[in-house]
Amino acid sequence: MAEPSRLLIVDDNEDILSTFYEFFNSMGYEVKTAIDGFAALKLLRDKSNFFDCLITDLVMPNISGVGLISIVKKEYSHLKIIAMTGYGDQPGALASEAKADVVLFKPIDLFKIESTVSELINQENNEQEK
Amino acid sequence: MSTPLIGVSKSILKIKELINHVANTCLNVLITGETGVGKEVVAQSLYCESARSSKNFVKINCAALPETLLESELYGYEKGAFTGAHKRRPGKFQTADKGVLFLDEIGDMPMALQSKMLHVLQSGEFSPLGSDQDFKTDVWVIAATNHNLEESIYQKTFREDLFYRLNIIKIDIPPLRERKEDIPSLIEYYFRLYKSEYPENKGTKPESDTLAKLCNYPWPGNVRQLQNCIKKQMVLNSWEKIFEELPKEHHEISPLSRADNNTLEQPIDYHEFSGNRTSIISEFVDLSTSSDKLFEDISLKKIKKLASDKVEKEVIAFVLEKVGWNRSRAAKILKISYKTLLYKMNEFKVHPPVK
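Chains Y and W, in that order, give the protein sequences.
One point on numbering: in my numbering, the residue at position 126 of the first sequence is 126, and numbering is uninterrupted.
All you need for my numbering is the position in the second sequence, starting with 1, plus 130.
Some hints could be false.
[To be verified] Calculated pairs, BS3-like style, for lysine-lysine (alpha carbon to alpha carbon, straight line, at most 27 Å):
{"no.": "1", "chain 1": "Y", "residue 1": "Lys32", "chain 2": "W", "residue 2": "Lys140"}
{"no.": "2", "chain 1": "W", "residue 1": "Lys431", "chain 2": "Y", "residue 2": "Lys106"}
{"no.": "3", "chain 1": "W", "residue 1": "Lys144", "chain 2": "Y", "residue 2": "Lys47"}
{"no.": "4", "chain 1": "W", "residue 1": "Lys452", "chain 2": "Y", "residue 2": "Lys42"}
{"no.": "5", "chain 1": "W", "residue 1": "Lys431", "chain 2": "W", "residue 2": "Lys443"}
{"no.": "6", "chain 1": "Y", "residue 1": "Lys99", "chain 2": "W", "residue 2": "Lys246"}
{"no.": "7", "chain 1": "Y", "residue 1": "Lys73", "chain 2": "W", "residue 2": "Lys431"}
{"no.": "8", "chain 1": "Y", "residue 1": "Lys74", "chain 2": "W", "residue 2": "Lys286"}
{"no.": "9", "chain 1": "Y", "residue 1": "Lys74", "chain 2": "W", "residue 2": "Lys185"}
{"no.": "10", "chain 1": "W", "residue 1": "Lys228", "chain 2": "Y", "residue 2": "Lys99"}
{"no.": "11", "chain 1": "W", "residue 1": "Lys371", "chain 2": "W", "residue 2": "Lys435"}
{"no.": "12", "chain 1": "Y", "residue 1": "Lys74", "chain 2": "W", "residue 2": "Lys146"}
{"no.": "13", "chain 1": "Y", "residue 1": "Lys73", "chain 2": "W", "residue 2": "Lys465"}
{"no.": "14", "chain 1": "Y", "residue 1": "Lys47", "chain 2": "W", "residue 2": "Lys146"}
{"no.": "15", "chain 1": "Y", "residue 1": "Lys73", "chain 2": "W", "residue 2": "Lys228"}
{"no.": "16", "chain 1": "W", "residue 1": "Lys185", "chain 2": "Y", "residue 2": "Lys73"}
{"no.": "17", "chain 1": "W", "residue 1": "Lys144", "chain 2": "Y", "residue 2": "Lys74"}
{"no.": "18", "chain 1": "Y", "residue 1": "Lys42", "chain 2": "W", "residue 2": "Lys146"}
{"no.": "19", "chain 1": "Y", "residue 1": "Lys106", "chain 2": "W", "residue 2": "Lys286"}
{"no.": "20", "chain 1": "W", "residue 1": "Lys140", "chain 2": "Y", "residue 2": "Lys47"}
{"no.": "21", "chain 1": "Y", "residue 1": "Lys32", "chain 2": "W", "residue 2": "Lys146"}
{"no.": "22", "chain 1": "W", "residue 1": "Lys378", "chain 2": "W", "residue 2": "Lys310"}
{"no.": "23", "chain 1": "W", "residue 1": "Lys185", "chain 2": "W", "residue 2": "Lys266"}
{"no.": "24", "chain 1": "W", "residue 1": "Lys144", "chain 2": "Y", "residue 2": "Lys32"}
{"no.": "25", "chain 1": "W", "residue 1": "Lys266", "chain 2": "Y", "residue 2": "Lys99"}
{"no.": "26", "chain 1": "Y", "residue 1": "Lys73", "chain 2": "W", "residue 2": "Lys146"}
[What the hints assert, rightly or not] Computed footprint of chain Y on chain W; a stretch qualifies when at least three of its residues, placed anywhere within it, have a C-beta under 8 Å from a C-beta of chain Y:
{"no.": "27", "region": "150 to 161"}
{"no.": "28", "region": "296 to 308"}
Derived from the structure by calculation, the hints contain no laboratory data.
All C-beta atoms in this analysis are idealised placements derived from N, C-alpha and C, irrespective of residue type, glycine included.
Turn these sequences into a full structure, and let the hints steer you where they fit.
Spelled out as structure tokens, the structure:
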């Protein structure tokens, strides 16, 4: 792998956030984290071309995951998005409607997310090579 | 002209920043906060900063109208849709097209209309009463409520799916008592406003000690109440009178504890009897933190312990005083063992008065 893939992980639960950070870091990714959609949006506006993939929780204060996904799909359409939800079907359905690439339901196996991430990123790279 | 969002507190600055970031997304917004905090001011700011500011800002209060009237106000009706519908009338959705529809007090919207609203938000289409035609709608929906909608969902008075659809962007405005640093600038603003509207008024601005008093008042009616006070001052020109007329929130010693408060560490807080939800909660949880931090802090188990301790302590002291600090009698009345009583007295530091 030439350059490490860059992830932005968003969750309002700091324990989840640090677990994800540790895990993806150890898998060789470059990881940034944000505590809600608003913090994530500020990071993205600051470095719009930096990230390859966004992993976001859905129910969060200020800007929800659904809001973040809608904005990202409009403004940074290259970014792959994985939505995670632990709140039943409603937010998940809204995330699909907002065109998240993948919607996963909590609890989620970290290795499963990782394989989803690498699939999405590789798919993007393959498309670029074509 | 609309009122600007005034304040220097962290929470207001954050709201301003958030408005700035989302004003052009047209994503549904839910604004929450106690009555009088300025939910409509925030909605107006969103509208003013958006590309829709040249179109209409249409407001409808979902609590003020009976169900059927609210429905026809929202969606309009065709001629002959019901008795008295002599001509076609456009609804708020039509008037707000390409602009903003501000749904105030959304928490009070009847269930049947919530379903219809959900459908419109999902499909982007609506049909006026008595019409078989669907109209496309392009409105930016901003909703506001002073209800805790999560609680309303639990009590089945608010639809969960509608909540999630509205709650894409959430702006929570803290009560004025949690951002006292905003009070001086609000006073300044309304003072200037009323002075310019009625230049002949002689009301004077507060001196520093009056200002301190104003800053320390809990303002249960929030910014609206403060605004009314300043309006009054313009006419009365007597801060003394204004303070007299303010509802007393804080009684230093409540009538219950006044007679025999010498054994109580703290006077009984008047809030306990006022039935004010947030003031009760704030006794056990710090409500002034941001809502994400707050939600981490709130634990029913912890609160249960704190709340029951507080009441137990008072009840134990009350009974002990009634029986002249006879512990075995008190234990019998309280229906606990003598040992438990001693343990609890020790834990809650309930001691007989030193003579």
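Structure-based check of each hint:
1. Y/Lys32 / W/Lys140: Judged against 27 Å, a Cα distance of about 25 Å means the pair holds.
2. W/Lys431 / Y/Lys106: holds, 24 Å
3. W/Lys144 / Y/Lys47: Holds, because 21 Å separates the two Cα atoms, which is no more than 27 Å.
4. W/Lys452 / Y/Lys42: violated, 62 Å
5. W/Lys431 / W/Lys443: It holds: about 18 Å lies between the C-alpha atoms, which stays within 27 Å.
6. Y/Lys99 / W/Lys246: With a Cα-Cα distance of about 24 Å, the restraint between lysine 99 of chain Y and lysine 246 of chain W holds, given a limit of 27 Å.
7. Y/Lys73 / W/Lys431: violated, 41 Å
8. Y/Lys74 / W/Lys286: violated, 35 Å
9. Y/Lys74 / W/Lys185: holds, 23 Å
10. W/Lys228 / Y/Lys99: Judged against 27 Å, a Cα distance of about 23 Å means the pair holds.
11. W/Lys371 / W/Lys435: violated, 42 Å
12. Y/Lys74 / W/Lys146: holds, 22 Å
13. Y/Lys73 / W/Lys465: With Cα atoms ~64 Å apart, lysine 73 of chain Y and lysine 465 of chain W exceed 27 Å; violated.
14. Y/Lys47 / W/Lys146: Between lysine 47 of chain Y and lysine 146 of chain W the Cα gap is close to 22 Å, so the pair holds against 27 Å.
15. Y/Lys73 / W/Lys228: OK: lysine 73 of chain Y and lysine 228 of chain W at ~22 Å, within 27 Å.
16. W/Lys185 / Y/Lys73: holds, 26 Å
17. W/Lys144 / Y/Lys74: Satisfied, since the Cα-Cα distance of roughly 24 Å is no more than 27 Å.
18. Y/Lys42 / W/Lys146: This hinted pair holds, its Cα atoms lying about 14 Å apart.
19. Y/Lys106 / W/Lys286: Cα-Cα ~25 Å, so holds.
20. W/Lys140 / Y/Lys47: Since the Cα atoms of lysine 140 of chain W and lysine 47 of chain Y sit roughly 25 Å apart, the hinted pair holds (cutoff 27 Å).
21. Y/Lys32 / W/Lys146: holds, 25 Å
22. W/Lys378 / W/Lys310: With a Cα-Cα distance of about 18 Å, the restraint between lysine 378 of chain W and lysine 310 of chain W holds, given a limit of 27 Å.
23. W/Lys185 / W/Lys266: holds, 17 Å
24. W/Lys144 / Y/Lys32: holds, 22 Å
25. W/Lys266 / Y/Lys99: Holds, because 22 Å separates the two Cα atoms, which is no more than 27 Å.
26. Y/Lys73 / W/Lys146: Holds, because 24 Å separates the two Cα atoms, which is no more than 27 Å.
27. 150 to 161: Contact hint for the region 150 to 161 of chain W vs chain Y: holds, 4 residues under 8 Å.
28. 296 to 308: Three-residue rule met by the region 296 to 308 of chain W, so holds; n is 6.
The structure shown violates the earlier hints numbered 4, 7, 8, 11 and 13.
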